[in-house]
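**Student:** Just so you know, the sequences run in chain order A and B. Each residue of the first sequence is one higher than the last, beginning at 0 in numbering that gives the first Met the number 0. Each residue of the second sequence is one higher than the last, beginning at 0 in numbering that gives the first Met the number 0.
The hints are simulated quantities; they were obtained by calculation from the structure and are not laboratory data. No residue lacks a Cβ here, since even glycine has one placed at the ideal position from N, Cα and C. There could be a bad hint or two in this list.
To be clear about the criterion: a stretch of chain A counts as covered by chain B if any three or more of its residues have a C-beta under 8 Å from a C-beta of chain B, and this derived list gives those stretches [said to hold, decoys possible]:
#	stretch
1	118 to 131
2	201 to 213
With the Cβ distance kept under 10 Å, some of the chain B side facing chain A (calculated, not the full set) [what the hints assert, rightly or not]:
#	residue
3	Q23
4	F55
5	L56
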Amino acid sequence: METLLIDLKSQILELAPEFLQFPLGHMLSIVPVISVFASLFALTTWVERKGLGRIQNRLGPNRVGPVGILQPMADGLKMIFKEDIVPRSADKVVHFLAPILLVIPTMLALSVIPYGEQLVPIDLDAGILFFFAIGGAAELIVFMAGWSRRNKYAMLGAMRAIAQMISYEVPLILSSIVVIMMAGSLSLVDIVASQSGAFWNWHVATPWGFAGFLIFLTAALAESNRSPFDIPEAESEIIAGHMTEYSGFKYALFFLAEYLGLFAMTGLAITLFLGGFHAPLPFLDFIPAPFWFFGKFAFLIALFIWIRGTLPRLRMDQLMGFAWKFLLPMTLITFAAGATWHYAGHGILGWILCTPMVAVPYVVLGRALTKGQNIKKRVYRFAD
Amino acid sequence: MSLAFVIVSLITLIGAIGALAFRQIVHSVLCLAITFTGVAMLYLQLGAQFLGFAQFLVYIGAVTILILFAILLTKNSGPTMSTSPFSSGIGSGLLVGGSVLACLFWAILRTSGLNPTPVADPNATVKAIGLALMSHYVLPLEVIALLLTAAMIGAIVIAMNESKLNETKGKPSSPTKGQG
Numbered sequence: 000m001e002t003l004l005i006d007l008k009s010q011i012l013e014l015a016p017e018f019l020q021f022p023l024g025h026m027l028s029i030v031p032v033i034s035v036f037a038s039l040f041a042l043t044t045w046v047e048r049k050g051l052g053r054i055q056n057r058l059g060p061n062r063v064g065p066v067g068i069l070q071p072m073a074d075g076l077k078m079i080f081k082e083d084i085v086p087r088s089a090d091k092v093v094h095f096l097a098p099i100l101l102v103i104p105t106m107l108a109l110s111v112i113p114y115g116e117q118l119v120p121i122d123l124d125a126g127i128l129f130f131f132a133i134g135g136a137a138e139l140i141v142f143m144a145g146w147s148r149r150n151k152y153a154m155l156g157a158m159r160a161i162a163q164m165i166s167y168e169v170p171l172i173l174s175s176i177v178v179i180m181m182a183g184s185l186s187l188v189d190i191v192a193s194q195s196g197a198f199w200n201w202h203v204a205t206p207w208g209f210a211g212f213l214i215f216l217t218a219a220l221a222e223s224n225r226s227p228f229d230i231p232e233a234e235s236e237i238i239a240g241h242m243t244e245y246s247g248f249k250y251a252l253f254f255l256a257e258y259l260g261l262f263a264m265t266g267l268a269i270t271l272f273l274g275g276f277h278a279p280l281p282f283l284d285f286i287p288a289p290f291w292f293f294g295k296f297a298f299l300i301a302l303f304i305w306i307r308g309t310l311p312r313l314r315m316d317q318l319m320g321f322a323w324k325f326l327l328p329m330t331l332i333t334f335a336a337g338a339t340w341h342y343a344g345h346g347i348l349g350w351i352l353c354t355p356m357v358a359v360p361y362v363v364l365g366r367a368l369t370k371g372q373n374i375k376k377r378v379y380r381f382a383d
Numbered sequence: 000m001s002l003a004f005v006i007v008s009l010i011t012l013i014g015a016i017g018a019l020a021f022r023q024i025v026h027s028v029l030c031l032a033i034t035f036t037g038v039a040m041l042y043l044q045l046g047a048q049f050l051g052f053a054q055f056l057v058y059i060g061a062v063t064i065l066i067l068f069a070i071l072l073t074k075n076s077g078p079t080m081s082t083s084p085f086s087s088g089i090g091s092g093l094l095v096g097g098s099v100l101a102c103l104f105w106a107i108l109r110t111s112g113l114n115p116t117p118v119a120d121p122n123a124t125v126k127a128i129g130l131a132l133m134s135h136y137v138l139p140l141e142v143i144a145l146l147l148t149a150a151m152i153g154a155i156v157i158a159m160n161e162s163k164l165n166e167t168k169g170k171p172s173s174p175t176k177g178q179g
């Protein structure tokens with residue numbers, strides 16, 4: 000199937016006249032990325048609402064289409080036809096630009112991830128650097144969104160969002176640096192190639208990789224403002240954070256950007272730790288690579304929805320403390336564990352040396368940070 | 000001069016002009032971000048991938064945000080009230096700016112050939128830069144790392160709550176204004 004897509008692209012290109020080939024070739028790489036992930040966004044919102052409904056013992060969307068599957072389309076239509084309100088005190092240009100600009104970095108980030116052996120929209124020498132560089136623009140755009148209306152809640156929400164994104168960017172980048180160190184390349188294609196073979200070659204199947212994967216997932220959740228780290232848009236405190244007073248399709252664009260950001264992070268997590276598009280066992284290679292990639296993708300998205308339905312929201316100080324006092328030291332320890340693994344030869348000795356290196360600090364740090372805090376099982380008095 | 004170069008230069012220049020011209024200081028910062036993006040794109044166009052991405056990561060992701068935070072924490076950061084875009088020191092400004100421009104022109108005109116023969120692309124892949132940083136330039140790298148760590152510790156000490164600082168010294172805590 001992989002070669003089928005590539006063949007299709009080259010066939011179309013042959014039909015086109017000479018001067019159109021260059022733009023058309025790029026269009027044929029860009030358009031699938033945009034359309035596939037935009038439709039995945041629609042599907043994910045439905046799955047999420049259904050899943051959350053199941054967890055919370057209710058039905059979820061069930062009116063539009065069979066089992067409510069057409070709900071995203073109804074929502075989209077509603078968003079398009081809604082009145083677009085711009086507050087009188089708002090900075091019109093910045094207010095208009097912020098939601099549009101926010102979609103661009105996430106789309107660009109999605110375009111460097113390898114979805115198959117040859118299915119790489121843009122193969123860059125420093126792909127992972129590009130991913131993080133382009134992700135850094137999101138903070139500025141969130142500020143634009145929060146500042147443009149001169150609204151206290153929006154400004155506070157934007158400040159929370161920026162503080163959170165900057166704090167969690169540190170463990171996010173550091174935990175992927177361990178993988179770069181072990182794979183010896185900044186190219187995402189090379190990083191995937193270093194995990195070929197069976198699932199025990201994946202980076203997650205090593206002590207440092209397992210710890211790094213968990214840190215990366217936590218930081219990715221926080222980066223994309225997902226529950227339990229959704230403090231920037233905590234409805235009970237600051238309305239909708241930087242999205243307050245946005246209506247209609249601009250609001251939908253914020254949601255699109257948020258989910259695309261989550262997709263990009265998930266894609267990077269798969270590429271770095273879960274073997275990318277490789278099958279878990281060699282004899283399963285007859286199933287094309289994109290299926291494996293999107294299978295892992297669906298698994299991680301389901302995990303995120305489960306987490307959202309399970310965990311309560313953190314407090315601001317807990318959030319910051321968790322990033323700087325727990326995640327950051329743990330990433331530095333995974334560095335050391337990775338180096339030990341490299342020099343101990345990737346075998347039994349590595350396991351014996353590295354597992355305590357990661358596990359002991361985890362337990363000690365966790366105990367030290369929760370010491371003195373009164374943490375007990377919550378007793379429900381009325382809802383049992 | 001390719002079309003891409005013209006477009007990228009225009010973006011950079013328009014951003015720079017905007018950064019100077021806007022009254023609202025936040026607008027100026029956003030225009031500055033456009034300029035930084037333009038410079039990053041210029042690097043990318045020259046084939047310096049690492050430099051371009053690093054420029055983007057550091058200047059857009061960190062420096063602009065830092066400037067914004069500094070502005071928001073400053074009093075009277077609203078639009079400037081002066082009616083004239085020129086300050087009172089326009090004479091000395093013109094003198095300094097003009098002499099710099101003249102120096103640059105003199106230096107450019109003195110160079111022997113404005114159209115040098117194209118040299119071979121230097122080996123500036125990310126891997127080569129990384130290896131150079133880790134072998135030949137490892138000492139400067141470590142010195143910079145030490146300097147940055149010292150600066151960070153200094154910033155934390157400055158930002159520390161004053162009463163807490165006094166407690167650690169064993170002095171009675173004095174009521175300070177900025178507590179809480």
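**Student:** Checking hints one by one. Is Q23(B) an interface residue toward chain A, by the C-beta closer than 10 Å rule?
**Tutor:** holds (8 Å)
**Student:** Three residues or more, CB to CB closer than 8 Å: is that satisfied between the stretch 118 to 131 of chain A and chain B?
**Tutor:** Answer holds; 6 residues pass the 8 Å Cβ test.
**Student:** Would the hint on L56(B) be counted as holding, given a Cβ-Cβ threshold of 10 Å to chain A?
**Tutor:** holds (4 Å)
**Student:** Is the interface hint for F55(B) satisfied, with its Cβ closer than 10 Å to some Cβ of chain A?
**Tutor:** holds (4 Å)
**Student:** Given that the stretch 201 to 213 of chain A was listed as covered by chain B, double-check it with a C-beta distance under 8 Å for 3 or more residues.
**Tutor:** violated (count 0)
In terms of the numbered hints stated before, the structure departs from hint 2 and from no other.
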